[in-house]
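The primary structure of each chain is shown beneath.
There are 6 protein chains.
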Amino acid sequence: MRFDDLNWMDLETYLAGEDRLMLVVGAFEQHGYLSLLSDVKIPLALAETASKKTGILIAPPVNFGCSPYFLSYPGTISLRVSTLIDVIEDIIRSVYHSGFRRVLVLNGHGGNDPARMRLYELLNCLPELRLSWYSWWTANSVIWIAEKYNLKPAHANWLEAFPFTKVADLPARAKNPPRISGFLSAVDSRQSYQDGSFGGEYEAENQIMDEIFQAALQDILHLLKFE
Amino acid sequence: MRFDDLNWMDLETYLAGEDRLMLVVGAFEQHGYLSLLSDVKIPLALAETASKKTGILIAPPVNFGCSPYFLSYPGTISLRVSTLIDVIEDIIRSVYHSGFRRVLVLNGHGGNDPARMRLYELLNCLPELRLSWYSWWTANSVIWIAEKYNLKPAHANWLEAFPFTKVADLPARAKNPPRISGFLSAVDSRQSYQDGSFGGEYEAENQIMDEIFQAALQDILHLLKFE
Amino acid sequence: MRFDDLNWMDLETYLAGEDRLMLVVGAFEQHGYLSLLSDVKIPLALAETASKKTGILIAPPVNFGCSPYFLSYPGTISLRVSTLIDVIEDIIRSVYHSGFRRVLVLNGHGGNDPARMRLYELLNCLPELRLSWYSWWTANSVIWIAEKYNLKPAHANWLEAFPFTKVADLPARAKNPPRISGFLSAVDSRQSYQDGSFGGEYEAENQIMDEIFQAALQDILHLLKFE
Amino acid sequence: MRFDDLNWMDLETYLAGEDRLMLVVGAFEQHGYLSLLSDVKIPLALAETASKKTGILIAPPVNFGCSPYFLSYPGTISLRVSTLIDVIEDIIRSVYHSGFRRVLVLNGHGGNDPARMRLYELLNCLPELRLSWYSWWTANSVIWIAEKYNLKPAHANWLEAFPFTKVADLPARAKNPPRISGFLSAVDSRQSYQDGSFGGEYEAENQIMDEIFQAALQDILHLLKFE
Amino acid sequence: MRFDDLNWMDLETYLAGEDRLMLVVGAFEQHGYLSLLSDVKIPLALAETASKKTGILIAPPVNFGCSPYFLSYPGTISLRVSTLIDVIEDIIRSVYHSGFRRVLVLNGHGGNDPARMRLYELLNCLPELRLSWYSWWTANSVIWIAEKYNLKPAHANWLEAFPFTKVADLPARAKNPPRISGFLSAVDSRQSYQDGSFGGEYEAENQIMDEIFQAALQDILHLLKFE
Amino acid sequence: MRFDDLNWMDLETYLAGEDRLMLVVGAFEQHGYLSLLSDVKIPLALAETASKKTGILIAPPVNFGCSPYFLSYPGTISLRVSTLIDVIEDIIRSVYHSGFRRVLVLNGHGGNDPARMRLYELLNCLPELRLSWYSWWTANSVIWIAEKYNLKPAHANWLEAFPFTKVADLPARAKNPPRISGFLSAVDSRQSYQDGSFGGEYEAENQIMDEIFQAALQDILHLLKFE
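Which chain is which? The protein sequence lines are R, S, P, F, Z and W, in order. Sequential numbering of the first sequence, starting at 1301, is according to this note's numbering. Sequential numbering of the second sequence, starting at 1301, is according to this note's numbering. Sequential numbering of the third sequence, starting at 1301, is according to this note's numbering. Sequential numbering of the fourth sequence, starting at 1301, is according to this note's numbering. Sequential numbering of the fifth sequence, starting at 1301, is according to this note's numbering. Sequential numbering of the sixth sequence, starting at 1301, is according to this note's numbering.
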């Protein structure tokens, strides 16, 4: 259940019996051979599955994140870190004003982590608000599966190659991860990463991807209990 | 053609032969009986139709706008005006960096107009950039149709009741527009507007809505020529 | 009655019996053959006449607005949109703190509209505050007069050529309005508009200008009732 | 010669032979028995006299400054320090863009000093710009006259009681300056300063005020040489 | 070698032959029984040892970081995330202007991570700048030692109990880590963490601490090569 | 007593019987032949002596200030004025939250004065807070000693040449102060001031420096009474 099929009266009804919300924060950036919108698509797919099981609402996704290091790849749209932080604050304040009290942020992009600090600041001024933040690819449950199959998770490699993020054929042969030290500018980043993947296998079997999806889903269902 | 079905290589190919882009800027706010996401849905529907005809890309939509006056209606999410302006700047700078030079902003919400001023500021620092801004409901072509059918256009009345924004049955009887003077706070706004519509008919015949959609579409197709 | 002839004790006396204020927000920008300060002079003249009739105070004018598109005309001074919005906020908060509760903003420049959104935001945090915004040239009463005399209102044409804004002889012959599409940078703006007028007659008869002035004045007197 | 009697063509002519400008930055705040606009009126009177002698232009005045400590006196309007700094930056950037290269800021209010630091920052990015800042009451020439007549200069006492800032009768008897330690909040400030004067004589003989005005004028004429 | 024993001529000499710099970014926040300044002391001690071996300069430390969640513990001083980010930007821009081109940030506090994103943004505008960021407690080399001794690293437990951060006796008995889910406000944080340690042993043997210090030092010496 | 030898429990004990704090705000900038950190070292030395006599705590110093005009001297690190102001606000808000109510700012650098205005703004929102600001070199007590010995105080001359700020031999012969008019950019500043001293004697006898130190110390001890 997404917000867009509802009007405000539906929200009022919803809020009479529920104060939980899922907020998807993604990015629009190069993902090698995968969709530019992968970082929205993955957490949104998880949110939609979780919503079907729990009836908990999903706010409209934040389609942009912080990706300054990928700006030399055509198509990447990056918010300044100060902008993203303000966007997240405004959304949280608005939904708090509406009556939501427990918000699970489903983050799709590592570059969005700075927004977490603003959430801590908000908790000090919005009484009774509870917030959680879930970045699926950093979850122990997901990492464990990767290790089980001896696959190394990385940006734009097999880890993000779900059926719904694939928009082109993927190379059959694994990529040698480039050796990186320190921070890269956008120009250096493109020079180092070439096709955009951080290396390793480009694809894993569907069953592995399912396993990962299910593991993340279980985490989310657990987090939605706000215990 | 939306960005989300593409990877960055596709973008590179696209940019080799084209420098135009459509950017949908919406809002997430009360629309009476209509979808909370109406201000995204309408310009996005127009953009998708225009894209099918022209092959011009659509950036991922900005799902939030400035709606401080509707914050007392559950579900409304409002960005501060300073935040929205920064979001728009960051997006324009990013796509300019990618190589886009002609951007048509398809705006879905009157409260987003302040962002226009930042666009003028950007034009003074980004050479060869061309920008247009289209708010469909303010177009002469659309107003003329409304007048032809003797329908008064207003927020959350028939004007925005497209098949794809309707999420509930609409009242059969027209609403008496409340008398408003000056600016309203969120609290006063809800007290004045009650169900959220600014008054008049809640619904028009499908054929009228089609006519309006086509008129706006023609405007967009014309603007995309950037003549 | 302007603030500058008063000391704070006078203000205290005033506020004991009155909580209304007029605030003039102008611009300092090219106006073709007319004064660079036209956008302050016109609303200030209206405010002074209204003040004489009602005794309602006028705050010192904001002499600068948002005019990025005219920066290539010598003399134009433009505030960034973020700056103007903050100025307006600070003024409103200050006068609210003093005890004013009803403020009519008399705006002289279209580029200042973004500040309206901040006013809505302020209404949500300053209880009992009432705000109105009047841009004289957009008023139905004024537009109606222009239509009556078959004159097309536009920037720096006859519409703004009041006796007190004229600082040079005006061309006798009407100007062909340049054809503009999309947003213009400062450089393109100067190239398109040449002398700065947006076209049409440069001057109207004094009696017409009087009629317009009186119409706007009546609007203001009505708005000052805050009904 | 003030900007308001000119159009942009006049400015273009002016800039062909001259690159100097005077900018008055004032305040709107309690001045005891004197005009709330004293901090604009004094530097503006000086600027106008200097302009008559030199033909150097005066920009429209900044009518507001930083006066947080006086906000409990009715009528005081205070910009946040961050806002004032941005206003000054925007004005300087605009006039630099117009072609001005030497700007003398005539400051009327001690609380505006923070803006000086932004001017230093601007000098590092705007080549060939030269800036001076003159706060008349801190000038040696003025202090010397005060000492000569054994008068102690202070906010809202005789020092600022020029014929054009007087808007009420002034107390005949000198005021005992309150003993202040540390910074005062707006509330404490009003409690300490009562009528708003910082103490001492309320008025000096016209001839002394003339002498001070002339001394400041000579300073300004000298600074306008930008030697 | 710290900056404070040098004058600008020394810096000029230094920069003639070297362009590397270490910048310590710490925090001032509760660390249980340990010094409030632990997050400065640890990276600074590492920097000083590295400086003795390499001759590379250390900038004056940033003594404050982002610690909103600890504000209910007396003594904690927290910068807003937006402030910290600006501080880091200004420092990097200044040292870049001086001629430094390779900067290793030695971070002492996890809450400072958002500043990393601004560094990426800066790399896109400051040519030839190279930046690295080292948070000693997240280094594989350090984690490996902790695992070797079967000690669990956490905030304000044995991990940070170096001889130079101890300012009081430490409890002999290990602490049961509180169970935390989601983000904590400052109030909840104090209630959950009580004495401020995140749990586990309060102290480890000196030889272990030495081993950790040496491991981090080796990492730093390696990073200073900027290979 | 500095914060860094304490843990939060110590602070809690301290705050049970005391609500005063000293905050040192310095700069990191060229000081001619003297230490780049002179503006921290001097107020910190004063604070430490005062702390020994009174037991009043010293917060960790702010090691950076506003020095845009010295950026062309290697080693100078300058915060934008907006950044410094935010840093000071965040520190004051944090210590206020901890329970401090009387804060004496010991400022070491004239360029930091803009932060004073933010302190006034804070006093209007933080009840019962008391703030003082002491810039030792502007104190009458210090100026009087300089006059007694016929020494002219100036940046980076004898005035700041304390035993603990000297890091190199000082020229024996006094420097002719350069003639400056108006504001200087960083480039012009270096060209004008050459070695960085503003002129006059480079050194005074130790006994004079002691006298000055003691005078400033007495001022501080008096201010710490917050009478």
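Derived by calculation from the structure, the hints in this document are not laboratory data. Treat the hints with care, as some may be off.
[As the list claims (entries may be wrong)] Between beta-carbon pairs, the in silico distance windows are:
(1) 1514/F - 1452/W: 27 to 33 Å
(2) 1527/F - 1449/W: 28 to 34 Å
(3) 1521/R - 1476/Z: 24 to 30 Å
(4) 1410/P - 1487/R: 36 to 42 Å
[Said to hold, decoys possible] Taking lysine to any residue and the SDA-like style, the derived pairs with C-alpha atoms no more than 20 Å apart in a straight line are:
(5) 1352/W - 1526/W
(6) 1466/P - 1305/F
(7) 1352/S - 1467/R
(8) 1466/W - 1312/Z
(9) 1352/F - 1510/F
(10) 1525/F - 1481/W
(11) 1475/P - 1309/F
(12) 1525/F - 1313/W
(13) 1466/Z - 1305/W
(14) 1475/P - 1451/P
(15) 1466/P - 1309/F
(16) 1466/Z - 1481/W
(17) 1352/Z - 1305/W
Here the structure is a predicted model, which means the values were calculated and not measured. Every residue gets a Cβ at the ideal spot worked out from N, C-alpha and C, and that includes glycine.
Comparing the hints with the structure gives:
no. : hint                        : in the structure
1   : 1514/F - 1452/W: 27 to 33 Å : 29 Å, holds
2   : 1527/F - 1449/W: 28 to 34 Å : 33 Å, holds
3   : 1521/R - 1476/Z: 24 to 30 Å : 27 Å, holds
4   : 1410/P - 1487/R: 36 to 42 Å : 41 Å, holds
5   : 1352/W - 1526/W             : 18 Å, holds
6   : 1466/P - 1305/F             : 8 Å, holds
7   : 1352/S - 1467/R             : 19 Å, holds
8   : 1466/W - 1312/Z             : 17 Å, holds
9   : 1352/F - 1510/F             : 17 Å, holds
10  : 1525/F - 1481/W             : 10 Å, holds
11  : 1475/P - 1309/F             : 17 Å, holds
12  : 1525/F - 1313/W             : 61 Å, violated
13  : 1466/Z - 1305/W             : 8 Å, holds
14  : 1475/P - 1451/P             : 12 Å, holds
15  : 1466/P - 1309/F             : 13 Å, holds
16  : 1466/Z - 1481/W             : 53 Å, violated
17  : 1352/Z - 1305/W             : 25 Å, violated
Hints 12, 16 and 17 from the earlier list are contradicted by this structure; the remaining hints agree with it.
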